[in-house]
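J.: Each chain, letter by letter, is given below.
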Amino acid sequence: MSEAVQTNEAGFTLIEVVLASALFAFVALAGFEVVRALGGSSVLIAQRARAAAQLRVAAGELRSAALSATAVWQPPSTCGDAVEFLQRDAGGTSFVLYFARASALVRARAPGPMNPCDPALAAQPIVATIARLSVRRFTATALAAHTDPVSGNPDGGILVPAGVSAVSVDAHVADIDGSAIRTGNDVVEVTLDADPVRTTVDLLAGNRPSAYTQTLAYACDGRCEANGPFPEIRNGAFSDCAVTIDFAQSPAYYVPAAYGYAPVAGGGARIVVTAYSVAGGYVFAFDGPAPVTAERAWPPALWPPAGSPLAGTIADAYPVDYAANAVLARGPAQLAADLGEPAAFAAGLQACADMHADPTYGG
Amino acid sequence: MAERGEAGFGLLELVVCVGLLVLGSVLALAALPALVRGSQTGVIRDAATDVARNAIERARAAAAYVPPQAVADPAARAAATAGHAWAFVPAAADVAAVHLERGWCGGSATDVALHVATTYDAPSDTLTVTVAYPPDPCLPGTIATLALAAQLAPPAYAPQTALDAPVADPAVQ
Numbered sequence: 001m002s003e004a005v006q007t008n009e010a011g012f013t014l015i016e017v018v019l020a021s022a023l024f025a026f027v028a029l030a031g032f033e034v035v036r037a038l039g040g041s042s043v044l045i046a047q048r049a050r051a052a053a054q055l056r057v058a059a060g061e062l063r064s065a066a067l068s069a070t071a072v073w074q075p076p077s078t079c080g081d082a083v084e085f086l087q088r089d090a091g092g093t094s095f096v097l098y099f100a101r102a103s104a105l106v107r108a109r110a111p112g113p114m115n116p117c118d119p120a121l122a123a124q125p126i127v128a129t130i131a132r133l134s135v136r137r138f139t140a141t142a143l144a145a146h147t148d149p150v151s152g153n154p155d156g157g158i159l160v161p162a163g164v165s166a167v168s169v170d171a172h173v174a175d176i177d178g179s180a181i182r183t184g185n186d187v188v189e190v191t192l193d194a195d196p197v198r199t200t201v202d203l204l205a206g207n208r209p210s211a212y213t214q215t216l217a218y219a220c221d222g223r224c225e226a227n228g229p230f231p232e233i234r235n236g237a238f239s240d241c242a243v244t245i246d247f248a249q250s251p252a253y254y255v256p257a258a259y260g261y262a263p264v265a266g267g268g269a270r271i272v273v274t275a276y277s278v279a280g281g282y283v284f285a286f287d288g289p290a291p292v293t294a295e296r297a298w299p300p301a302l303w304p305p306a307g308s309p310l311a312g313t314i315a316d317a318y319p320v321d322y323a324a325n326a327v328l329a330r331g332p333a334q335l336a337a338d339l340g341e342p343a344a345f346a347a348g349l350q351a352c353a354d355m356h357a358d359p360t361y362g363g
Numbered sequence: 001m002a003e004r005g006e007a008g009f010g011l012l013e014l015v016v017c018v019g020l021l022v023l024g025s026v027l028a029l030a031a032l033p034a035l036v037r038g039s040q041t042g043v044i045r046d047a048a049t050d051v052a053r054n055a056i057e058r059a060r061a062a063a064a065y066v067p068p069q070a071v072a073d074p075a076a077r078a079a080a081t082a083g084h085a086w087a088f089v090p091a092a093a094d095v096a097a098v099h100l101e102r103g104w105c106g107g108s109a110t111d112v113a114l115h116v117a118t119t120y121d122a123p124s125d126t127l128t129v130t131v132a133y134p135p136d137p138c139l140p141g142t143i144a145t146l147a148l149a150a151q152l153a154p155p156a157y158a159p160q161t162a163l164d165a166p167v168a169d170p171a172v173q
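Chains B and F supply the protein sequences, listed in that same order.
So the first sequence is numbered by our numbering: it starts at 1 and just counts up by one.
So the second sequence is numbered by our numbering: it starts at 1 and just counts up by one.
If we strip away everything but chain B, and leave its shape as in the complex, we get (with noise of 0.2 Å):
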């Protein structure tokens, strides 16, 4: 090295390297602090996004043994809430139940109702990590009046409340209590308090009771009335009336029971029935859970009564054919007036006499 040394090879001074020193050290300091920052962050996501994902799939498993489940229901527990499915298929019945357990939301299943208290019970974690599992059931009736369980603001707008029915009835099982597990359309709202994110679920049992009693009614065309005037028929389920008179025109029922002559203009007469008698009877037939044919039926009776004036004259309301000297058949209405029967029987008596004037019945 012959030849003086430049500048630029005579290397950093001392306030050069000091500032530099300082700068990598901060810069060092910061790149230190960023990456810290991002592995917590990492890691907090991963917490997070397990948590979410547990309870994803919670939820998902919650909803998919109601969709198969026959009840589902809010077991008795004295060691906080759980939930708990039955289960019937073609492999037998089965129960599910969820609850929480040292912090975690488990799962068990059995053949037979579950104490969620009982240590025994073996189960396994679905969340790893829960702040506590509430369970709420709801009649279909009061989901009306239904409330989102964060918010409180009522959500059951949509809802006609006259339009709800709610059903519970006996599933045939006894819970660990002894008392009837019962289903039906029942609401269970489970919510689980966990990290990230408070999740509910509504459930309902997608194996829904319906058991209606469907009554075959052989209504005579919809025209004779089960539940008339008759009370032996009552509660039954009407199937026939057997009844082979036609009231409108035969005089089988109204027999003269007195007659007379009255003169008419010209010098001749005509016939005058003072009196006359009615009698006979007709037969229902029921079936039900007691099959029944009832039959009904009236003593002769003498009309008018003894010492009614009788006008006699051709407008009278006796009914008399006077070309055919006979007794005319009287109505349903007169005839039960006749009898003292109520209006309603003499709309059965009516119905049974359309129905068999009718060309389309066989009977």
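The set of hints was computed from the structure by calculation and includes no laboratory data.
Among the hints, erroneous ones may be present.
What follows is a list of derived Cβ distance ranges for each label pair [claimed, not checked]:
#, chain 1, residue 1, chain 2, residue 2, range
1, B, 179, F, 69, 27 to 33 Å
2, B, 102, F, 72, 53 to 59 Å
3, F, 76, B, 207, 24 to 30 Å
Covered stretches of chain F, going by a simulated chain B footprint (3 or more residues, C-beta under 8 Å) [claimed, not checked]:
#, region
4, 12-22
5, 58-70
6, 87-95
7, 149-161
The beta-carbon is built from N, C-alpha and C at its ideal position, and this holds for glycine as well.
Given chain B, work out where chain F should sit, using these hints.
T.: Chain F in isolation, oriented as in the chain B frame:
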């Protein structure tokens, strides 16, 4: 004599380089909260989905059984069981919420409002629940929506409902 390329960085170059590094670090730190929030947008979306599914489930429960009085008349039975108009009004709205255990914009646990609109279309017998939710609660004005539609199953007769079923008179068969 040494070439310029062999002379190393000058102080100015070093300062500029360090400044750029510092700026990058600061930007990365500033972006962290947004990154964290962005990674959890799905949490609120899932919660909104739960709100919609719960609304549909409650509606299914309420409309599971046709009211016995609506089917007492055999002539009116077909109309009563054709849909669920007896159970639903055409439209309703409410405000639900999701509870987050950690503050998203700093702070502690917080509730995020979800606006729910429910409609029932009688001709198609379809219930639709639409939920408007903020994907990032820290960014006011950003709203996303999701909608779930369910075609309802035919209603069942409630147990012990007594139905008269007129049948042809056996005598004419």
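J.: Now tell me if each hint is right for this structure.
T.: To see whether the hints hold, each was checked on the structure:
Distance hint check for residue 179(B) and residue 69(F): the Cβ-Cβ separation is about 30 Å, which falls inside the suggested range of 27 to 33 Å. Look at residue 102(B) against residue 72(F): about 54 Å separates their beta carbons, and that is inside 53 to 59 Å. Between residue 76(F) and residue 207(B) the beta carbon distance is about 28 Å. The supplied range of 24 to 30 Å therefore holds. Requiring three or more residues with a Cβ within less than 8 Å of a Cβ of chain B, the coverage given for the region 12-22 of chain F holds, as 5 such residues are present.
For the region 58-70 of chain F, the stated coverage by chain B is satisfied: 12 residues place a CB nearer than 8 Å to a CB of that chain, which reaches the threshold of 3. Only residues whose C-beta sits within less than 8 Å of a C-beta in chain B count toward coverage, and the region 87-95 of chain F has 8 of them, enough to reach three; the restraint holds. Counting residues of the region 149-161 of chain F whose beta carbon lies closer than 8 Å to any beta carbon of chain B gives 6, which reaches the threshold of three, so the coverage claim holds.
Violated hints for the displayed structure: none, as all numbered hints are satisfied.
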